[in-house]
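As you go down the protein sequences, you meet chains A and B in turn. So for the first sequence, the numbering used here puts the first residue at 1; every next one is plus one. So for the second sequence, the numbering used here puts the first residue at 1; every next one is plus one.
Since the hints were made in silico from the structure, they are not lab data. Values in this document were obtained by computation on a predicted structure and should not be read as measured data. Incorrect hints may appear among the rest.
Distance windows between CB atoms, simulated [unchecked claim]:
no.: 1; chain 1: A; residue 1: Val246; chain 2: B; residue 2: Gly132; range: 45 to 53 angstroms
no.: 2; chain 1: A; residue 1: Gly178; chain 2: B; residue 2: Gly223; range: 42 to 50 angstroms
no.: 3; chain 1: B; residue 1: Leu233; chain 2: A; residue 2: Ala235; range: 35 to 43 angstroms
no.: 4; chain 1: B; residue 1: Asp45; chain 2: A; residue 2: Arg261; range: 44 to 52 angstroms
no.: 5; chain 1: B; residue 1: Glu108; chain 2: A; residue 2: Leu204; range: 41 to 49 angstroms
no.: 6; chain 1: A; residue 1: Ala128; chain 2: B; residue 2: Lys196; range: 20 to 28 angstroms
no.: 7; chain 1: A; residue 1: Glu78; chain 2: B; residue 2: Ser21; range: 16 to 24 angstroms
no.: 8; chain 1: B; residue 1: Tyr4; chain 2: A; residue 2: Leu129; range: 48 to 56 angstroms
no.: 9; chain 1: A; residue 1: Glu78; chain 2: B; residue 2: Val12; range: 26 to 34 angstroms
no.: 10; chain 1: B; residue 1: Gly126; chain 2: A; residue 2: Gly178; range: 23 to 31 angstroms
no.: 11; chain 1: A; residue 1: Val144; chain 2: B; residue 2: Ala142; range: 40 to 48 angstroms
Quick reminder that beta carbons are idealized off the backbone N, C-alpha and C, glycines included.
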Amino acid sequence: MKQYTSFFRMRLLAGLQYRTAALAGMSTQLVWGTMEILLYRAFWLSDPGRFPMGMEALAAYIWLQQAFLAFFAMWYWEQDLVEAVKSGAVAYELTRPTDLYGMWMARSLALRLSRAALRAGPILLVGALAPAPYGLRLRIAPPVFLAFLCSMALMLAVVCAYTLLIYALSFYLTDANGVMVVSVAAADLLGGGVVPLPFLPDGLRQLAQLSPFGAMQSIPLRIFGGDIPPEAIPAAMGLQLFWAVVLIAAGTLLTRGGLRRAVILGG
Amino acid sequence: MRLYLKFLSVHVKSALTYRASFLLSCLGQLLVTVNTFLGVKFLLDRFGVIAGYTLPQLALCFGVILAATSLAECFARGLDAFASVLSEARFDRILVRPRGLLFQLLCEEMKLTMAPRLLQAALLLGWAVSAGAVRWTAAKAAVLALMILCGAGVFFGLFLINAALCFFTLEGLEVMNIFTDGPREYGKYPFGLYGKGVLWILTLLVPLALVQYWPLQYLLDRGPGWYGLLPLLSLLFLLPCAGAWRLGVRHYRSTGS
Numbered sequence: 001m002k003q004y005t006s007f008f009r010m011r012l013l014a015g016l017q018y019r020t021a022a023l024a025g026m027s028t029q030l031v032w033g034t035m036e037i038l039l040y041r042a043f044w045l046s047d048p049g050r051f052p053m054g055m056e057a058l059a060a061y062i063w064l065q066q067a068f069l070a071f072f073a074m075w076y077w078e079q080d081l082v083e084a085v086k087s088g089a090v091a092y093e094l095t096r097p098t099d100l101y102g103m104w105m106a107r108s109l110a111l112r113l114s115r116a117a118l119r120a121g122p123i124l125l126v127g128a129l130a131p132a133p134y135g136l137r138l139r140i141a142p143p144v145f146l147a148f149l150c151s152m153a154l155m156l157a158v159v160c161a162y163t164l165l166i167y168a169l170s171f172y173l174t175d176a177n178g179v180m181v182v183s184v185a186a187a188d189l190l191g192g193g194v195v196p197l198p199f200l201p202d203g204l205r206q207l208a209q210l211s212p213f214g215a216m217q218s219i220p221l222r223i224f225g226g227d228i229p230p231e232a233i234p235a236a237m238g239l240q241l242f243w244a245v246v247l248i249a250a251g252t253l254l255t256r257g258g259l260r261r262a263v264i265l266g267g
Numbered sequence: 001m002r003l004y005l006k007f008l009s010v011h012v013k014s015a016l017t018y019r020a021s022f023l024l025s026c027l028g029q030l031l032v033t034v035n036t037f038l039g040v041k042f043l044l045d046r047f048g049v050i051a052g053y054t055l056p057q058l059a060l061c062f063g064v065i066l067a068a069t070s071l072a073e074c075f076a077r078g079l080d081a082f083a084s085v086l087s088e089a090r091f092d093r094i095l096v097r098p099r100g101l102l103f104q105l106l107c108e109e110m111k112l113t114m115a116p117r118l119l120q121a122a123l124l125l126g127w128a129v130s131a132g133a134v135r136w137t138a139a140k141a142a143v144l145a146l147m148i149l150c151g152a153g154v155f156f157g158l159f160l161i162n163a164a165l166c167f168f169t170l171e172g173l174e175v176m177n178i179f180t181d182g183p184r185e186y187g188k189y190p191f192g193l194y195g196k197g198v199l200w201i202l203t204l205l206v207p208l209a210l211v212q213y214w215p216l217q218y219l220l221d222r223g224p225g226w227y228g229l230l231p232l233l234s235l236l237f238l239l240p241c242a243g244a245w246r247l248g249v250r251h252y253r254s255t256g257s
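Start from the sequences and build out the full structure, keeping to the hints where you can.
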């Protein structure tokens, strides 16, 4: 376990070096969040009755979404991992006395945590200062807040497990890019990136909520805003746990199988 | 011009050599647009109409912005990727050749994966027209073309400023994404929807509303005829852009070793 945590720390520190990029990303996301809020405001003012969630809940959703974009942005692929599988450089990993899947997991977690750590603070601050009902409401019951934190952790596990599953698939496919491209689009639509899931039409919404993508950003962000009532929280987090376990299991199996199959040539 | 077409054909050929990866990046671009449009559609299905706009009218608006950005991104790719041109000291090579600087930059890179996006924009516009978004006249069709072309011009100007800033920073300025990638994303709705503040910024500072919101009012019979000519005014934006570029070139002292 120790080697994973130190590897994790190393990657985390490396990720924290990219401060200018973080500043740029942050300002982009601030503008983005503001524009989204202004847009939904226009819809909300036109007919609050047809709004499937409260404006406050939606505002919380958008600010948190922009602040923690790095947690669930599906396009943060680590191309060098896939390249390593493709080129055979993954063989070096095999000489290390660690589990490949564990290393990948530590690395993905570190990447997302370091990026979010640099960006989240100021966005949350601006969100908190925005006028009601367009701001990030801070009055939140402690148990709900605790549930939100746990759900964020589960979300991170689901996202990383999903990306790792794709890396593992690259052992079997000659080109994993196709799966990645489709994953990005599916995660955006079914995960609540395009519009929050309550805005999806019936049928598609239920499908999205049960899919692994529905276990990503949608659940914690809606818990925070109070859009998922307290009594429904355990079921929602159960679903997240289910997908985390399934995806991690599938990823581990595929990685092992892939390594066994892999034939690496060279002297 | 002959030379430019020659470069264009070279780029087409090189893109088609790696067919699979070319098709995949096209697919990626297509899916992004599909998602964006679905987002608009879902909201409109729920609300029916927003600020008096129907779905076909929003499709028209989105189609214009999509076409304009696709054109600009395809042909001004060399400016968009200018940071790497500078950091690899390729700009020195460009300076010694007996051709215009901008011309060479535009020739050097083209992003042909924009072609399917242009097709999508055409489909959107076609659907908007057949669904009766606008009562058409010849003048309105001309204004629509003007919106797309001048829109591409404004985006080109933004890329030019972006490149000019690279002379001073020597690295890409991601902040510029707010004005380049951003409008493509939020230009799916008329800028007026975002409130007066945003509308005026995008009218006076970065004149994107001049190619989208104001002429759209004319197309939808909500504004006077002269709104239809505003896209031409937006081209004035190219003057400060060109100024910034000149300043940047004069400031340039190689990055090579």
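Going down the list of hints, with the structure as the test:
1. Evaluation of the 45 to 53 angstroms hint for Val246(A) and Gly132(B) yields a pass: the beta carbon distance comes to about 48 angstroms.
2. At roughly 46 angstroms, the beta-carbon separation of Gly178(A) and Gly223(B) lies within the given 42 to 50 angstroms, and the hint holds.
3. Between Leu233(B) and Ala235(A) the Cβ separation comes to about 56 angstroms, which falls outside the hinted range of 35 to 43 angstroms.
4. Asp45(B) and Arg261(A) have their C-beta atoms about 47 angstroms apart, which keeps the hinted 44 to 52 angstroms range intact.
5. Glu108(B) and Leu204(A) have their C-beta atoms about 43 angstroms apart, which keeps the hinted 41 to 49 angstroms range intact.
6. Range check, Ala128(A) to Lys196(B): about 25 angstroms between beta-carbon atoms, so the 20 to 28 angstroms window is met.
7. The supplied range of 16 to 24 angstroms is met by Glu78(A) and Ser21(B), whose beta-carbon atoms lie about 18 angstroms from each other.
8. Separation of Tyr4(B) from Leu129(A) is about 50 angstroms and conforms to the stated range, judged on CB atoms against 48 to 56 angstroms.
9. The hinted range of 26 to 34 angstroms is satisfied by Glu78(A) and Val12(B), whose Cβ atoms lie roughly 32 angstroms apart.
10. Gly126(B) and Gly178(A) have their C-beta atoms about 28 angstroms apart, which keeps the hinted 23 to 31 angstroms range intact.
11. A C-beta distance of roughly 57 angstroms is found between Val144(A) and Ala142(B), which places it outside the suggested range of 40 to 48 angstroms.
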